[in-house]
Amino acid sequence: MKPRNVKRLALAAALAGLVSAGNAADLAPLPEPKFNAAMAEMGKYLFFDERLSGDAALSCATCHNPQKGWSDGLPLSKAYPASEYFRNSPTILNAGFKKRFMWDGRLDGSDAGTLVRDMITEAHTMNMDARLMQERLKQVPEYNEMWLKFRKDDINGMRVFNVVGEFFKSIVSKNAPIDKFLKGDQSALNSTQREGYELFKGKANCVSCHNGPLGSDGNLHRTGVPENPEVTKDPLRHITMARHYSTSGLPNYMNTHEDVGFQAISKNPKDKGKFATPSIRDLKYTAPYMHNGMFRTLDEVVEFYSKGGGAGSELKPLNLSDYEKRALVAFLLEGLSGDPVIVEKPKLPAYKVRAFGKN
Amino acid sequence: MTTLKRKVTVAAIAALTVASVGLAPMANSADKPMAKKAMAAKPAVPPLGPLPAVPVPADNPMTPEKVELGKMLFWDSRLGGDASSPCVVCHEPGKGWGDGGEISRGYPGTQHWRNSQTVLNAAFYNKLFWEGNVTSLEAQAPAAAEGNVAGNGDRSLMEMRLRFIPEYVERFKKVFGTEWPRMTHAYMAIAAFERTLVSDPKQVPFDRYMAGDKKALSESAQRGMAVFNGKGGCIQCHNGPLASDQRFYSLGVPENEVFKTDPLYQITHRWEHYQKGISEKGYRGADLDHGYYYVTKNPKDIGKFRTPSLRELKYTAPFMHNGIFYTLDEVVDFYNKGGGTTGPNKSPLIKPLGLSDQEKKDLVAFLEALSMDKPLLMDPPKLPPYQPLKTAK
Numbered sequence: 012m013k014p015r016n017v018k019r020l021a022l023a024a025a026l027a028g029l030v031s032a033g034n035a036a037d038l039a040p041l042p043e044p045k046f047n048a049a050m051a052e053m054g055k056y057l058f059f060d061e062r063l064s065g066d067a068a069l070s071c072a073t074c075h076n077p078q079k080g081w082s083d084g085l086p087l088s089k090a091y092p093a094s095e096y097f098r099n100s101p102t103i104l105n106a107g108f109k110k111r112f113m114w115d116g117r118l119d120g121s122d123a124g125t126l127v128r129d130m131i132t133e134a135h136t137m138n139m140d141a142r143l144m145q146e147r148l149k150q151v152p153e154y155n156e157m158w159l160k161f162r163k164d165d166i167n168g169m170r171v172f173n174v175v176g177e178f179f180k181s182i183v184s185k186n187a188p189i190d191k192f193l194k195g196d197q198s199a200l201n202s203t204q205r206e207g208y209e210l211f212k213g214k215a216n217c218v219s220c221h222n223g224p225l226g227s228d229g230n231l232h233r234t235g236v237p238e239n240p241e242v243t244k245d246p247l248r249h250i251t252m253a254r255h256y257s258t259s260g261l262p263n264y265m266n267t268h269e270d271v272g273f274q275a276i277s278k279n280p281k282d283k284g285k286f287a288t289p290s291i292r293d294l295k296y297t298a299p300y301m302h303n304g305m306f307r308t309l310d311e312v313v314e315f316y317s318k319g320g321g322a323g324s325e326l327k328p329l330n331l332s333d334y335e336k337r338a339l340v341a342f343l344l345e346g347l348s349g350d351p352v353i354v355e356k357p358k359l360p361a362y363k364v365r366a367f368g369k370n
Numbered sequence: 100m101t102t103l104k105r106k107v108t109v110a111a112i113a114a115l116t117v118a119s120v121g122l123a124p125m126a127n128s129a130d131k132p133m134a135k136k137a138m139a140a141k142p143a144v145p146p147l148g149p150l151p152a153v154p155v156p157a158d159n160p161m162t163p164e165k166v167e168l169g170k171m172l173f174w175d176s177r178l179g180g181d182a183s184s185p186c187v188v189c190h191e192p193g194k195g196w197g198d199g200g201e202i203s204r205g206y207p208g209t210q211h212w213r214n215s216q217t218v219l220n221a222a223f224y225n226k227l228f229w230e231g232n233v234t235s236l237e238a239q240a241p242a243a244a245e246g247n248v249a250g251n252g253d254r255s256l257m258e259m260r261l262r263f264i265p266e267y268v269e270r271f272k273k274v275f276g277t278e279w280p281r282m283t284h285a286y287m288a289i290a291a292f293e294r295t296l297v298s299d300p301k302q303v304p305f306d307r308y309m310a311g312d313k314k315a316l317s318e319s320a321q322r323g324m325a326v327f328n329g330k331g332g333c334i335q336c337h338n339g340p341l342a343s344d345q346r347f348y349s350l351g352v353p354e355n356e357v358f359k360t361d362p363l364y365q366i367t368h369r370w371e372h373y374q375k376g377i378s379e380k381g382y383r384g385a386d387l388d389h390g391y392y393y394v395t396k397n398p399k400d401i402g403k404f405r406t407p408s409l410r411e412l413k414y415t416a417p418f419m420h421n422g423i424f425y426t427l428d429e430v431v432d433f434y435n436k437g438g439g440t441t442g443p444n445k446s447p448l449i450k451p452l453g454l455s456d457q458e459k460k461d462l463v464a465f466l467e468a469l470s471m472d473k474p475l476l477m478d479p480p481k482l483p484p485y486q487p488l489k490t491a492k
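Chains as they are written, first to last, in this note's numbering: chain D, 12 to 370; chain L, 100 to 492.
The set of hints was computed from the structure by calculation and includes no laboratory data. Watch out, some of these pointers could steer you wrong.
Okay, derived cross-link-like pairs now, SDA-like style, lysine to any residue, Cα gap no bigger than 25 angstroms in a straight line [unchecked claim]:
1) L:359 <-> D:145
2) L:273 <-> D:266
3) D:363 <-> L:379
With these hints in hand, go ahead and build the complete structure from the sequences.
Below, the structure is given as structure tokens:
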């Protein structure tokens, strides 16, 4: 086939895909997670191990606490000691299926290891030198044994991040009513929830962005969520945001006092205020909502969308009735949330003295 | 990171050049016997003497405002990772501007691996840290504030913290003329402050003695000075106003046991080898602090450390790169026995001295006379608070 024809075919296929996706956008059941079980088992320990942070004060679980929906329950997340964060801590539940990581979508969802690296080494999250982390882990005999279950060398380098990444991919919720419903069990959703689902796909058109297995298109959108005033009121949070801008290379960063979202990554003013569509699974466990935790309840969220979002929103008002709002919330809250996923903090093995000079 | 690497490389090349030029005559002279006559025939080393005016780099002139700012930053915990590790934590005025421990405490969750050196008179060094890997106070400050087992601060985060402290914004503007504080300037201010931390010659018995006050040194200290310059041979390396030739020697100082018994020290020991770019074989077998070798990567430099100043010893125990000796008596005993047996490349200058007990006492008396009568203490400055940034457009 001539190259030109290949191009044409590809274009036609792409267009067809767009159209069909537009017509048939819907939620879908969660696929089975794929991960290396031996790596995930070690990753579980590392996830809870404070020695993975610079001053050994916090672990991944500090801001992604299984007891708090694998988030921290706060509007704005805490950060490394002496810092405070300027966005909400997103849940880890089902996050292995994301197309993008971080609220500004700056990391590729197919690479959990890089996300883990970013969190562990970033100064305002865990502030850990990766080489020092390697040496700390090598000082724990049990970790060396776990490592040998999936590799033939010793604990080293970037691979440690991938180990945590495998655990991350294993955190998947089960038994959400929507999954049973989509597989044919009509009774999985009650009548109010079913009405909510119809609104979701129809009048409210949530599905245009919240689709697929996660209820997320993996794209970036501007909905005009109001700024969280705490960010500029609290110098520690503002410092973290301004420094994120300075290290991202955002022009005029000392005079940028709102959360510009994806613009800090793309540097395109058109992307100001755009954030990645979050998953809408397990919302029951993950309040407060939005990138800056501005809404405490789903009622507030639905109210916000019913009005068409905030300043600069891409959305149109929905004019939902009170009953419709309640039905939508019922669907979102119960229909899309699975059983709680609880992983207990394992008993962490201690550092042990090694034979000096046999490294 | 790239800049940092380049700086390290430049420093390494500079240090190499200095070492190869500087060490050659020493090695030759060391072949000769240590008898008094041979000593006299040796190329003269600069004698001990009063400290000259502090050298000030042309690109970082001293002003009272800069020094005052530097003092604040020296104490300010916001320079550091988790606000627990400002400069002053490991360089406390009340502990001789060191930290009083054998091995410096290091960042929380870690241990450092060497003794915290005094800042007093550090202005006179052109090789800082025990392995001499940086050549100015301006370069020492970031290496400590950002080093992962020291301050563990991120440069861009610390810089942004300074920008949210209005009083600092004003002070940096006055001193450096910038709209917003910059970390390079912060380090320059700290260096300027450190250049004020020098021994006061009026308070140092040895300096008073050299200035003509013959009563300033006790009889014992005067005899000790003769041992220092003669039989003890101390002057061979501890010479000039600073009592340091700023060259590198291996003395065979015993290793500190903690590296065999404490996991946190072992972690740092391996990490240092890993991050300093040692070969895999070197990393896997590492059981010694290689000192100057990390800078030159020349096996002949394994175990060498830069000669420290002998001023202010009264306030800066414990001694040596790993704090292994608590008293000057122990140090003098160590030299008297001809040093230790740890590691290779032991300096030929280190030989048994055959000092009598009286000579040892006299030598210690002299060494103590190189310190001020009273320690240089300093009250902490008042530190300005964070404030929300004025966000009005």
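Hints versus structure:
{"no.": "1", "hint": "L:359 <-> D:145", "result": "19 angstroms, holds"}
{"no.": "2", "hint": "L:273 <-> D:266", "result": "21 angstroms, holds"}
{"no.": "3", "hint": "D:363 <-> L:379", "result": "22 angstroms, holds"}
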